[in-house]
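Participant: For reference, the chains in residue letters:
2 protein chains.
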Amino acid sequence: MPNPLDAHRRRIDAIDAKLLQLLQERNALAAEVLTTKIDAGLPVFVPEREQAKVAAFRRAAGELGLDAGWAEDFLRMIMSSSRDRQSHADFPQCPGGSRTILLVGGAGQLGRCYGRAFTASGHTVRTLETGDWEQVDQLAADADAVIVTVPIRVTEQVIARLGPHLTPDTVLADFTSLKAGPTAAMLAAHAGPVLCLHPMHGPDVANLSKQLITACPARRPAASAWLRDQFRLWGLRVVELVPAEHDRIMDQVQGLRHFVALLHGSFLRETNLAPADILALSSPIYRAELMMTGRIFAQNAELYADIVFASTERRRLLERFLTHHQQLAELVRKDDKAGFVREFEAIGAFFGDFAAQARAESGYLIHRLADRFV
Amino acid sequence: MPNPLDAHRRRIDAIDAKLLQLLQERNALAAEVLTTKIDAGLPVFVPEREQAKVAAFRRAAGELGLDAGWAEDFLRMIMSSSRDRQSHADFPQCPGGSRTILLVGGAGQLGRCYGRAFTASGHTVRTLETGDWEQVDQLAADADAVIVTVPIRVTEQVIARLGPHLTPDTVLADFTSLKAGPTAAMLAAHAGPVLCLHPMHGPDVANLSKQLITACPARRPAASAWLRDQFRLWGLRVVELVPAEHDRIMDQVQGLRHFVALLHGSFLRETNLAPADILALSSPIYRAELMMTGRIFAQNAELYADIVFASTERRRLLERFLTHHQQLAELVRKDDKAGFVREFEAIGAFFGDFAAQARAESGYLIHRLADRFV
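Chains as they are written, first to last, in my numbering: chain U, 50 to 423; chain W, 50 to 423.
What the hints contain is simulated information worked out from the structure, not anything from laboratory work.
In this text the structure is predicted, and so the values were computed from the model without any measurement.
Check before you lean on any hint, since a few could be wrong.
Same chains, same label: a pair holds when it works inside one copy or across any pair of copies.
What the hints assert, rightly or not - In silico EDC-like cross-links for lysine to aspartate or glutamate, where the CA-CA straight-line distance does not exceed 16 Å:
| # | residue 1 | residue 2 |
| --- | --- | --- |
| 1 | Lys86 | Glu99 |
| 2 | Lys386 | Asp355 |
| 3 | Lys383 | Glu368 |
Please model the entire structure based on the sequences and the hints provided.
Facilitator: Here you go:
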């Protein structure tokens, strides 16, 4: 007896085959658009154009009775696919032609990520590793920019060692995740242009497009404008920020977050509750939480220790966090539910409209996570 | 002068129009498949079929030179769209015909969510609220199931009050997020079948399909089999679990997680760092973290207090968590980086292969989040 659903399933399969074919055609066209942009020296990612395209797609979906929000997700997935392909294509070059860039620690993951991008844009990339200091003069002498991308614990001493070998117009830059110390070190070690950078993404991104980098031109900004232009042409979002404010926020975004993730993982071990056992019973939101904690432990312990122990200020913030925990825990110890509710409401007032945005945005995440992994 | 990109963009627009049309056709077919399934009493969500479909789609995408992982996400988005439409359609009914269900606290968010589902499957749904106790005998007398879905702080007293009004074959069930206390209360209050449930999702899900519910048939399991069948027919994943193990895991998944989110939000307020200010400088992973903390404060303070203060065991776990924090913080206070690295590595060993899975899965989330919100 034939299954009554078979005919429908065959028609769905035929539609899926057509969908894939259209996606392939669309990607080919997007690749041609990219080549044309690069030839014309146009930026790869133009937020306004993307917004307009999304709005038109939502309208068209709505007219067909499809959910507009869903259609937007769908289009963004398609566009992200063509952006990912850009990582394999050539990259546009900043005005003023090819430069020479020395990446100090360029064999590290982040160094290689940027090395590939500079090379793809037609620049000359050199690297200097621990064993290469004898050649430092040859490597640094005619470099347009020297970018220090070494572990945070050795950044300042590497900068001091580099200083005497730089020529006056070379841009000295760094990728350190803390900015006050390295900025002072660069200004002390080098009399020329100084640009303090912090790429706010991992080395394993498919593409630099849409990623964030903070920049503080600490001396002679005009001399490093080409470098910031190059970042923007790759689609990076360049946010200018002074070192003190950068560090104040990063102490929380990086220091506290990594400490709390460690605390979470460490407590699961302490209570002998294996992540895999919890997973079967996790709501999508706890699943997301567990994955964001777990990802830490697939990475390098030293790297995380460097982030958590990055500065005295950061360690002080963590001590203050413990004191705060002790105060909140008092409410639990005393079974003071009314006090807990008051604290909750005060935080709600502090968060304001952000809480509603957070609910919508995390709701989207939860939905995607449930689609994909459950 | 015509823009050289205009012709390409027009072709991309034409492809997008075709994509939307195909999606509309596909949704219509999927809706017909659903109707056929409901008429035949077949379950709405069959994991094996979905896996087979995904595998075939990945293969087909690969043959066209498209990335298979990306194609899988894409297909899952399409399938989730047709599942969401199912929430507006009729729902299949469990074998044995229409039942009468009394939802005690059925006017609450979760009660309404399940009330809609029972009604859509052709069952008779009644509700009992605070002011309705005078009618309790009429409401409960011929009910096939009575489900208690009231705030955790009053669950046990509501169960005790209901007991004398139930007939011997009525299934007594509850939706409480803690199971030991309510299970004991139900077994004490009612001599008939008892089923302890915990729907592990919010009331605002588009669809029950793929959501998780824990179930413990605490007395006469056969008498409540129809209810568990009904859940499965809606696509819910029913996990059977004894109350003690449920509570041990939930103390962490719910109690600790909500406490830590409160601690995070509370510390941002203490340090006067507004979420909106951090957002501009957040990596996608911190953005996800911030959204999952922020979502809490768009919700009801009492509800969260109930979760955190749910039981003495839960409060003890939170005290143990503080002690553990004090120990870890010692490493920071003493600047003991080596100790920190040792602790990190011990946790890594405890997490084992899960860490790699977590990295992949959270990487997917980060990618989606960057696509959608940046």
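Participant: Next step is simple, just say for each hint if it's right about the structure.
Facilitator: Comparing the hints with the structure gives:
Taking the shortest alpha-carbon separations for Lys86 and Glu99, only the intra-copy value of 15 Å comes in at or below 16 Å, while the best inter-copy value is 40 Å. Taking the shortest alpha-carbon separations for Lys386 and Asp355, only the inter-copy value of 8 Å comes in at or below 16 Å, while the best intra-copy value is 38 Å. Taking the shortest alpha-carbon separations for Lys383 and Glu368, only the inter-copy value of 11 Å comes in at or below 16 Å, while the best intra-copy value is 23 Å.
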